[in-house]
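Each protein sequence line maps, in turn, to chains C and X. FYI, in the working numbering the residues of the first sequence are 1 to 507. FYI, in the working numbering the residues of the second sequence are 508 to 605.
Since the hints were derived computationally from the structure, they do not count as laboratory data. Don't take every hint at face value.
Stated by the list, open to error - Listed next, with one range per pair, are the computed distances between beta-carbon atoms:
1. Lys544/X with Asn250/C: 53 to 59 Å
2. Met602/X with Met1/C: 30 to 36 Å
3. Pro32/C with Glu604/X: 31 to 37 Å
Claimed, not checked - Subject to a maximum C-alpha distance of 25 Å in a straight line, what follows is the list of computed SDA-like cross-link-like pairs (lysine to any residue):
4. Lys36/C with Glu89/C
5. Lys12/C with Glu565/X
6. Lys292/C with Ala473/C
7. Lys12/C with Ser509/X
8. Lys346/C with Glu565/X
9. Lys346/C with Met538/X
10. Lys346/C with Asp560/X
11. Lys542/X with Glu89/C
12. Lys448/C with Glu604/X
13. Lys38/C with Ile14/C
14. Lys292/C with Arg322/C
15. Lys346/C with Thr406/C
16. Lys38/C with Glu510/X
17. Lys346/C with Leu601/X
18. Lys346/C with Gly517/X
19. Lys443/C with Glu350/C
Built from N, CA and C at the ideal position, the CB exists for glycine as well.
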Amino acid sequence: MWIRKGDLDRAKGIDTPIPTQVVSNEEFIPRPQTRKQKQVEDLTMEWGTNNAKKIGISRRAYMASSMGIATALLASNCVYGGNAFEVGEDEQFEPREKEVVKANGQKGKFFIIDVQAHYSNGIALNFRNSETAKNMGFDLKNDTEAYSFRTFTKEMFLDSETAMVVISGVPGKEEQRAPDGRELVDAERTPRGAILPSWLMAKSRNELNQIAGSQRALCQGNLAPNHYWNTATNTIDKAATLEQMDREINQYKINSWKWYCHTDPARTGNGFQVDDDNAQWFIEESRKRGLKLMSVHKGYSYQSRTLGHLANPKDIEKAALRNPDFNFVIYHSALKHGATDGENWKEMNEYNPETGDFLWHKILMDIKRRNPQINNVYPEIGSFFNTLAIQDPVMCMHGMGLNIKTYGADHVVWGTDCLWWGSPQWGIDAFKRFQISDELCEKHGYAKITDEVRAKIFGLNAAKLYGVDVNAARNALPADALSQIKEAYLDRGGLRDNYFHGWVQQA
Amino acid sequence: MSEPSWNFEGEPPFELRTEAGINLCAYLDAMPDAKLKTYDPKMSDEQLMRWDDNFTDEGHLFLPCCESEEVEVDMYRRYLEACIVYRNRVRGSLMAEA
Chain C
1 MWIRKGDLDR AKGIDTPIPT QVVSNEEFIP RPQTRKQKQV EDLTMEWGTN
51 NAKKIGISRR AYMASSMGIA TALLASNCVY GGNAFEVGED EQFEPREKEV
101 VKANGQKGKF FIIDVQAHYS NGIALNFRNS ETAKNMGFDL KNDTEAYSFR
151 TFTKEMFLDS ETAMVVISGV PGKEEQRAPD GRELVDAERT PRGAILPSWL
201 MAKSRNELNQ IAGSQRALCQ GNLAPNHYWN TATNTIDKAA TLEQMDREIN
251 QYKINSWKWY CHTDPARTGN GFQVDDDNAQ WFIEESRKRG LKLMSVHKGY
301 SYQSRTLGHL ANPKDIEKAA LRNPDFNFVI YHSALKHGAT DGENWKEMNE
351 YNPETGDFLW HKILMDIKRR NPQINNVYPE IGSFFNTLAI QDPVMCMHGM
401 GLNIKTYGAD HVVWGTDCLW WGSPQWGIDA FKRFQISDEL CEKHGYAKIT
451 DEVRAKIFGL NAAKLYGVDV NAARNALPAD ALSQIKEAYL DRGGLRDNYF
501 HGWVQQA
Chain X
508 MSEPSWNFEG EPPFELRTEA GINLCAYLDA MPDAKLKTYD PKMSDEQLMR
558 WDDNFTDEGH LFLPCCESEE VEVDMYRRYL EACIVYRNRV RGSLMAEA
């Protein structure tokens, strides 16, 4: 039985501020907790409990603080060795504000843009209320609420330092017309339910920005070359595709496309590739309409021999070379982690500790090695940095080191895949302190991660891709309503829940 | 004995094949034959979910990447029973090749 990590933790009385095993975002089978992850969990709980007593606050408040996160990172260093996280013993008792360079070179907080933020509108979870589910004796909490927009807003903005989010799409198409030809609107366009259809992402972005009174959210559009299909000719339905393209660009005003090549919402029996003819036609039509940002899921895939291989990033090479005016953001940095790997996942994914390579990340790296002139491909690190950081910090050093060495610090983009991982703050704190060892830097030519590099990865790179004026956006933040709500929330003792929404196996 | 190379996924669809259906076929192709043979059609839905052991506490099969459709127990049972028919048909020849 699979349950959410947060539910498992609560049943066991655990409230660590960092998930102590990899949680699944439903793109791979959850892996068992390793012995070392259990050690990190035990140490964090022991030290956190003692530290909280020492400074006279509740354990819950302690674990929700930056001191709690520092304790968990110290526990990770202790268990794994190698000091992957630069964290001082004193940080267990005294929060330390991390200062960094702003875009204009002045000191200030990092400007964080999370380009991979998801939530569910709950429609897809209706099974919980079905008679079948009720008769099975499951303890059904209201997950629509738990994973809703409100939770999303709280965990992304009130419980973390994230300044802006890109609401990131998931596979799914919209129905366009009723049987009588009437144009469908909003929820009518996804009559069977959908997790994050384009219309909803746009609506949520607008709502967030209206609440805030400043630009806090951007959104993606899900339309892809295999969404509207002429089954009679087994070819793309170009008229329907263009109608939807115009709708998503002009009406929804999406900020990027989000493609999943290995999915098949139109039931064509196949997926597509970024470098195939239909995708190139789509790119050319999008170019005419002025949208030239492609966010593409690569990596995490399933076992289907028909579809699974289409998540391999090999198709990015030709597409990037052929379309130098487009930018291609490669989600998960193409970390493969297939659907069937378990405890031996590193072997299954051909991790080579001598070279630091692993599937399909190596394919993404090789594209740039073969084509140093490529300047329009950006590895994104959602469910990449956070997954590797808690699974194997040395592998994480390789993954991040290779991304930066190969594509450049100005081409690596921050994303988290939250809310699967709960509030993104633990990942933010981990990356603020994450460092590559001297040994690996010397052996592999990796550069040390400086605050200047962190600033780029955390937000400055995404700002360029999305056309965000960081200084203007940063100046607007203190006065906006979301900042004021956050201040009031913290003043009233608001605490991060440390609830991780992703899946793990029930022990 | 090694597991034959099942290919239920490559069989002609027995019902309109969705993305979830394709992946469910692939999922069943990875299921050991010995386990499949222990399936009892008289199992209740709850027993079936426990038998598989890859359902979530929310009542759907944990099938990676199928975000547009949940595989609930009714769909799972239909595909499982079709897969059993497929395996009964090809088992002999595939075993002989293995």
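Status of the hints after comparison with the structure:
no. : hint                               : in the structure
1   : Lys544/X with Asn250/C: 53 to 59 Å : 56 Å, holds
2   : Met602/X with Met1/C: 30 to 36 Å   : 33 Å, holds
3   : Pro32/C with Glu604/X: 31 to 37 Å  : 34 Å, holds
4   : Lys36/C with Glu89/C               : 21 Å, holds
5   : Lys12/C with Glu565/X              : 19 Å, holds
6   : Lys292/C with Ala473/C             : 22 Å, holds
7   : Lys12/C with Ser509/X              : 39 Å, violated
8   : Lys346/C with Glu565/X             : 29 Å, violated
9   : Lys346/C with Met538/X             : 22 Å, holds
10  : Lys346/C with Asp560/X             : 24 Å, holds
11  : Lys542/X with Glu89/C              : 51 Å, violated
12  : Lys448/C with Glu604/X             : 54 Å, violated
13  : Lys38/C with Ile14/C               : 11 Å, holds
14  : Lys292/C with Arg322/C             : 13 Å, holds
15  : Lys346/C with Thr406/C             : 22 Å, holds
16  : Lys38/C with Glu510/X              : 34 Å, violated
17  : Lys346/C with Leu601/X             : 31 Å, violated
18  : Lys346/C with Gly517/X             : 29 Å, violated
19  : Lys443/C with Glu350/C             : 20 Å, holds
In this structure, the earlier hints numbered 7, 8, 11, 12, 16, 17 and 18 are contradicted, and the remaining ones agree with it.
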